[in-house]
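Chain Y: place on chain D using the hints.
2 protein chains.
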Amino acid sequence: MVIAIDIGGTFIKIGLVKDGIIIEKTSIKAQANIGIEISLAEVEKIIQSLLSKHSISFNEIKGIGVGFPGLVDSAKMKVLSVNDKYNDAVGFDFVKWGEDAFGAPLFLENDARIALLGEWKHGAGKGKNNIVMLTLGTGVGSAVIIEGKPLIGKHFQAGNLGGHSIINLNGAKCNCGNRGCVEAEASTWRLAELLKSDTRYSGSLIEGEELDFKSLFKFAAEECDLSISVRDHCLNVWAAGVINMIHAYDPELVILGGGIMKSADIIIPFIQEKVDKQAWLPWGKLKVLPSKIPNRSALLGAYYLVTTNLKFNN
Amino acid sequence: MVIAIDIGGTFIKIGLVKDGIIIEKTSIKAQANIGIEISLAEVEKIIQSLLSKHSISFNEIKGIGVGFPGLVDSAKMKVLSVNDKYNDAVGFDFVKWGEDAFGAPLFLENDARIALLGEWKHGAGKGKNNIVMLTLGTGVGSAVIIEGKPLIGKHFQAGNLGGHSIINLNGAKCNCGNRGCVEAEASTWRLAELLKSDTRYSGSLIEGEELDFKSLFKFAAEECDLSISVRDHCLNVWAAGVINMIHAYDPELVILGGGIMKSADIIIPFIQEKVDKQAWLPWGKLKVLPSKIPNRSALLGAYYLVTTNLKFNN
Chain D
1 MVIAIDIGGT
11 FIKIGLVKDG
21 IIIEKTSIKA
31 QANIGIEISL
41 AEVEKIIQSL
51 LSKHSISFNE
61 IKGIGVGFPG
71 LVDSAKMKVL
81 SVNDKYNDAV
91 GFDFVKWGED
101 AFGAPLFLEN
111 DARIALLGEW
121 KHGAGKGKNN
131 IVMLTLGTGV
141 GSAVIIEGKP
151 LIGKHFQAGN
161 LGGHSIINLN
171 GAKCNCGNRG
181 CVEAEASTWR
191 LAELLKSDTR
201 YSGSLIEGEE
211 LDFKSLFKFA
221 AEECDLSISV
231 RDHCLNVWAA
241 GVINMIHAYD
251 PELVILGGGI
261 MKSADIIIPF
271 IQEKVDKQAW
281 LPWGKLKVLP
291 SKIPNRSALL
301 GAYYLVTTNL
311 KFNN
Chain Y
1 MVIAIDIGGT
11 FIKIGLVKDG
21 IIIEKTSIKA
31 QANIGIEISL
41 AEVEKIIQSL
51 LSKHSISFNE
61 IKGIGVGFPG
71 LVDSAKMKVL
81 SVNDKYNDAV
91 GFDFVKWGED
101 AFGAPLFLEN
111 DARIALLGEW
121 KHGAGKGKNN
131 IVMLTLGTGV
141 GSAVIIEGKP
151 LIGKHFQAGN
161 LGGHSIINLN
171 GAKCNCGNRG
181 CVEAEASTWR
191 LAELLKSDTR
201 YSGSLIEGEE
211 LDFKSLFKFA
221 AEECDLSISV
231 RDHCLNVWAA
241 GVINMIHAYD
251 PELVILGGGI
261 MKSADIIIPF
271 IQEKVDKQAW
281 LPWGKLKVLP
291 SKIPNRSALL
301 GAYYLVTTNL
311 KFNN
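Chains as they are written, first to last, in the numbering used here: chain D, 1 to 314; chain Y, 1 to 314.
The shape of chain D in the complex, shown without the other chains (with noise of 0.2 Å):
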């Protein structure tokens, strides 16, 4: 039995899964601006109502697995740097809250690093060696699969900042300190500043509306001039960084997860054939593919995690 949680800037979502199948799952919203501390208190009252729920003891637990949204040193479990979440989350002692509330290992790791282990290992990306996953959502995160084995690099970032590709060098101001970062320029986080700060918003048809990618692809397909031409800028933002990661990683496949992706049937066709018309791939059609579990990766990431590094039987 694995505790599975993937602690994200708008939920966290928490899973019991045993021999690779989730018996049991649920999430909470997340207060990334309260801290981690705070959250952890909440979901470890959560996993013990689940585990109550299933008459499962603290000894059938072999591991925790942690998502977290941040650069992770995933040897000590430590959150290396946060990008205006869980600001606490720097310096606190996952390994000891694990301990202390379950008796367990716990591991963690970046978040869409597992997400990513989720859709390699039972998703989108089964069969696959060389992959390259983009999640679109709060933020845009990032991870890569090369000749089989996670990209971690000297300082546990490698694969990990896409979002942080810069792909409009004079574009708009990110919290990590550079412009026109991909999430910079395309994300929830930025979405209603994009729209508002447009002088086209005042009357347009989304004024007033929820300021969320649902909507903006709902109005662009009622022919509000504003929507179409925010979203045909997100659409370009993140086709860029798609081609950003295939130049850098040469993978064979790229998979697109997060809350962005319930819009998958706009998404996908359009960056698929900016992929095949403008990528530099002398060998053949790399395919663009939203995740297959997007509701499920990050927890089967997760206990992947903890498999791997307990090395029991996956």
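Keep in mind that the hints were calculated from the coordinates and are not lab data.
Some hints could be false.
As the list makes no split between identical chains, a pair holds if one copy fits it or if it spans any two.
[As the list claims (entries may be wrong)] Quick list of in silico lysine-lysine cross-link-like pairs, PhoX-like style, CA-CA up to 25 Å:
{"hint": "1", "residue 1": "Lys149", "residue 2": "Lys128"}
{"hint": "2", "residue 1": "Lys149", "residue 2": "Lys76"}
{"hint": "3", "residue 1": "Lys121", "residue 2": "Lys96"}
{"hint": "4", "residue 1": "Lys285", "residue 2": "Lys18"}
{"hint": "5", "residue 1": "Lys154", "residue 2": "Lys274"}
{"hint": "6", "residue 1": "Lys285", "residue 2": "Lys311"}
{"hint": "7", "residue 1": "Lys173", "residue 2": "Lys196"}
{"hint": "8", "residue 1": "Lys126", "residue 2": "Lys287"}
{"hint": "9", "residue 1": "Lys285", "residue 2": "Lys29"}
All values reported here derive from a predicted model rather than from experimental measurement.
Chain Y in isolation, oriented as in the chain D frame:
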């Protein structure tokens, strides 16, 4: 004895290397537009004269190492793709050429990758195992070493396309089919157009002069407004390209090489400052260094390529 050949867009360098020491080197003007077959016929003659000058017989030649400015399949020793240089190189049988001309095994690799191999073993990268190198010249090349190994990728192109990282979404058209690639925004092939297409060109100090980077830096220092703004644009483009490489590969060191680095005294401090301020480096300070052996890195890298492939003593 190893024959080392570095095929560039502007020059072809040729060297004889023994026990890691270049005993003789020369270079000829490249004829990239004419093609690889005619160019190599000339290279062959030059090598024959070098060999006879040093009284070296064919049976002393252990191998031939060749760097090529394009994507290279370094398992099959074939050029996979070129970008407006040596268009007949795709499909050309380099191994047969080496066999026919010198009766020796030939090993082919991307030019930026062999330059990095040289810097890694003999130059600025000595002792480091996670390095990104960019070469600023006719085009912009790149190569990467991660965890002590050259990054190759599924189709041999990982790490080599840093010049085609899109840093200006709506920018200048690149030969590769994208817009706003690093080399389309700032490289020797692009510079003349950058200057001439500006309304300030006519009547500027740089008008009618040689439109290369040496001139650009000179006239910028002499307060030519156009030269200053084009120089600053190029510096910012390279800085964004370097930051994208840092974010992609998580290196401990960045090396900058290529002909434009004759102006390293201006380029390095600018990019170092940008990296210090804007790259996401929670672990500490990352050094940006110029190539330490700019005239020897590719030849010594080609030598290393041969020795590691033939597994004789380096």
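| task | Using 25 Å as the alpha carbon limit, work out where Lys154 and Lys274 are close: within a copy, between copies, both or neither. | result | between (32 Å within a copy, 21 Å between copies)
| query | At most 25 Å between C-alpha atoms: does Lys285 with Lys18 qualify within a copy, between copies, both, or neither? | reply | neither (37 Å within a copy, 43 Å between copies)
| said: Regarding Lys149 and Lys128, is the shortest C-alpha distance of 25 Å or less found within a copy, between copies, in both, or in neither? | reply: both (11 Å within a copy, 22 Å between copies)
| Lys285 and Lys311: within-copy, between-copy, both or neither at 25 Å Cα | neither (36 Å within a copy, 35 Å between copies)
| field | Intra- versus inter-subunit Cα pairing at 25 Å for Lys126 with Lys287 | value | within (13 Å within a copy, 39 Å between copies)
| Within, between, both or neither, where Lys285 and Lys29 count as close if Cα-Cα is 25 Å or less | neither (40 Å within a copy, 37 Å between copies)
| said: Please sort Lys149 with Lys76 into within, between, both or neither, judging by C-alpha distance up to 25 Å. | reply: both (19 Å within a copy, 24 Å between copies)
| Within, between, both or neither, where Lys121 and Lys96 count as close if Cα-Cα is 25 Å or less | neither (29 Å within a copy, 43 Å between copies)
| field | Up to 25 Å CA-CA - Lys196 versus Lys173, copy category | value | Close inside one copy (16 Å), not across copies (31 Å); limit 25 Å.
In summary, the structure is inconsistent with hints 3, 4, 6 and 9 from the numbered list given earlier, while agreeing with the others.
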